[in-house]
Structure formats: C-alpha cells, structure tokens
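Full structure from sequences and hints, please.
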Amino acid sequence: MDIQLKRGILDVCVLKVLAGGDSYGYQIIKDLSDHVKISESTLYPILKRLEAAGALTVYSREHNGRLRKYYSITDVGRERIKVFLSEWDEVMRAYDFIKEERH
Amino acid sequence: MNKKEFIERLCMGLKSLPADEAQKTVLFYSEAINDRMEDGMTEEQAVAAMGSISEIVRELCGIEYTESESADKVSAEDDKVTEYTAAESISEIEIRRGMCVNLVHSVDGLIHIKSLTGERFIVSPGGKGEIIVTRADDEIFKGDFQKLRSVHDVVELVSSSLVNALKSFASIDIQLELPEGCDIKLRLGSGSSVRGKGLSFGDISFKASSGDIKVENVKASKVAFTTASGDIKIGELTGEQVVFNSVSGDVEMENSSVSDTIYVRSASGDIELDGVSAKGATTLTTSGDLSLAGGNFNTLSLKSTSGDIDISGTGIKEKLAAATISGDITMEIGEECPLIKLEAVSGNVEAEIAGRYKTEVNSVSGSCRVINSTTGETENRLTANTVSGSIKIVCG
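Residue numbers (the working numbering), protein chains in the order written: chain A, 1 to 103; chain B, 1001 to 1396.
Keep in mind the hints are simulated off the structure, nothing from the lab.
Derived lysine-lysine pairs resembling DSSO-like cross-links, with alpha carbons at most 27 Å apart:
no., chain 1, residue 1, chain 2, residue 2
1, A, 6, A, 30
2, A, 37, B, 1003
3, A, 48, B, 1003
4, A, 48, B, 1004
5, B, 1024, A, 69
6, A, 48, B, 1024
Right, dumping it as structure tokens:
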C-alpha cells in the first residue's frame, strides 16, 4: 500500500483500538492483526507521532515486576477518528473514479 | 538473536538520537519482546518479530543505518565488565544521583568508567554527541537503565528515573579512572559520593550535594571541594591552594600540606583542620565550630558568627586573627607568635600561650584575667577584646 496513505489509515486504526479502552503496544498489534498487519517497528513511530499530536497520552503501570506503558486516547484523538470518517466519503468517490472503467 | 543482543545493537543504532528518545525507544522494544514471550513465543521468535534494526533506526533517526562491526564486538565480548572510555580532553564529569564513585588512576591516560557492583554496561559513545549506557542484563525494567551523556566534553552519568519509580533503588558503585595529572571537574548529584586514595591531579574541583567527598593521599595544585549537606574528609593532601565550601556538611582535613592558602567557608558545618600546614588559612563559619589542632601556618584569619574557635598546638609564624560574635575562642599554643588578635562580642576568650608577650586586654562588661610572667622587652603582641564575654589569658 502507498506509504503515505497507509500511515494515515494506521494512525486512525490505532486510535480506534484505544477508543475501546487503554491498551499497550503488543495488545494493540494483536487487536489490529485481524484487520491490518502491523509490527512494532511500524507501531512505535505511530504512537510517538500521535502522542506528539496530543491524540493520546502515555502512562506506566507495573506488570509482572516490570513497567509496561499504556496508551490512552484523548478528545483530540476521538476527533481525529470522526474527521477521518467524514473525509472518507470523499476518498471513496475518488476510489470509484479511479476504479471506473471508461466508456 | 536473543533479547540482550537485540537491545545492545539497538542502542548502538540509536546513538544519534537524544538520550531520552533512545531510552524510550529501547524500553518500547524491550517491553514488546517481554510481552511476546509472555504470550508464548520463544525469545528468538519474539526478537525476530521486531523487524530489522536497520529499519527501526531508519524510521526513527531518518538515516540509512547499517550495523557496524563494533556492534557485533560488543555482544561478543560477553564476559568483560563493561566500561566507557573517553579521551583525555573531557574535563568535566557529572555523576547523577545515587552513585558511589571510586576514583583511581588509569594506566593508559584515558578516562574509564566501570561498574563495580556487577552491572555490565553497554556504552555507545557518540563523540561529542550523546552516549548511552545500558546495563547489559535482561532485567532492563528493574531500574537498571543508565545513560552516559557526553555533550561538548561533558560526561554525565545518569541513573534512570525508573530506578526511583520502582523504588528498588540501590546505590551503584562506579569506578572512575582518570589520567594521572589531569585537571578534572566532578559534579555529583544527590546521594552520590566520591572516594579515592593515592591520586595525583592538576587542578581539581569536586562538587557534591548530599553525598560525601572522601579522599586520601592526594596530590594536586588547585583544589576546590564543595558540598551542601555531605561531609568532606581529606587526608594527606599536598597542594598549592585549597578551597572548601560547605553549607551543613562537616569539613575535616588531616595531615595535609598546602604551599599557598587554605580557604574554608561553612554555614552550619563544623571545620576541623588536624595537622595541616599552609602559608595562610582563612576560615569563615556561621554556626559551625572551627577546630585547629597542630600544624603550621604563617598567618591565620579565623571568623565565626556563633560557632566556637578552638586552636591547640598550632604553630603560627606571623599572625593570628580570630574573631567571633557569640562563639567562644579557646587557644593553647606552645610556640611564640609575633601578633595575636582575639576578638569576641558576647563570646569568651581563653588563651594559654608559651613565650613572651606584651598584652593588651579589654572587656567592656566581662571579667578580665591576665597572668603574664613576661619580663623584659618583647616584640610579640597579644590583644584580646570582648564586649560582654570574659577573657582569661595566661602567657609566659
């Protein structure tokens, strides 16, 4: 998939997972695995980017004697999902146009 | 590749990132590997799932990265205590909180930092950029993540905030090897202390906050020791000039010889100079006591607000001036001193001095008692003045 497009979609996919509740790195990957293939090396820059944009916040919690980082969606993040969905119609029209066989 | 190797190689790859960023990244991957292993994967599988290090580095640092041979070398030398080596040009080292630093000389003229308590470090030096030190065991989350930062010739050793977060904090013993004869500035964070024996330096400056400074048998030219609440204990120091600065910590100097001057300043910390010789010494304390035992000076200037001043068995060739507001001055010396001036406001003055003196003693409201068996002419002068304190002088 085109890297720019994929990046934008993956951002929203991660936010969608977090909209269902706070989660940590590996769990996010597992939750997404049925829909889209993503690895840690893809996820980490996404989380970094979303945190910098204020779309999510990070906190640490102890798990089995070590610290695990949890990510939590913010209002900014929820807004991002809304905007993505509303813009998607436009993308779909473009998609139809591209796919359309000219007569 | 196992997890340890992966983390070590990742550290090497991320050295162009700011240390904080690199640390975060390493923690992210370490967590991910642990989570995958907990989920039933083998260590190798979990590591393989992370993707290639070159890719991670390219994504984060925006640079093409090919793992160098040095990365392989680091992981190959498993048995070696990890150490960091820097060029001699580094003149300032910051040791952050919670470390006990043992100073020794290096044999190769370089600076080395080693762990003494068994932690092994992986160090990725970045020239004048940043250096990250990672303790090389697997339990990276148990507060063993460390950074060594080198910015413009300043090396900074930082123990992780995670250490505090997990409250499993234990002080880490570090061996710092410095070239013989080098100038060095050492800054110590809270709880960090430094000790050393048999050392030779150029100019040195040690600054501690709550940890102690303890050095013995040291040769240096200009020396400055500063502490807030930690104690300073110096034995057998040979130097040109020594400056002590303390807030509440005590300053203790023993059997030392200073060719020029000693300057000591303290608020509530006590000062003790035992068997110390110098051309001159100036001390200034607020509530701390000053005690001088033995030693030889040409001139002494001792001042305090409420602290006591006590001199015993010290040789003073030219001049002694001691002044206090409410502290007491007591002195007992066996050698003549040409000029002695003792001043107090409410404090008492008591002196027992061998030799012939011409005395001039005054107290506004306190009692004055002078026993002076001196007969005949003498050039030696002793003056003692108080407002309300009593004066007792015995000489001859």
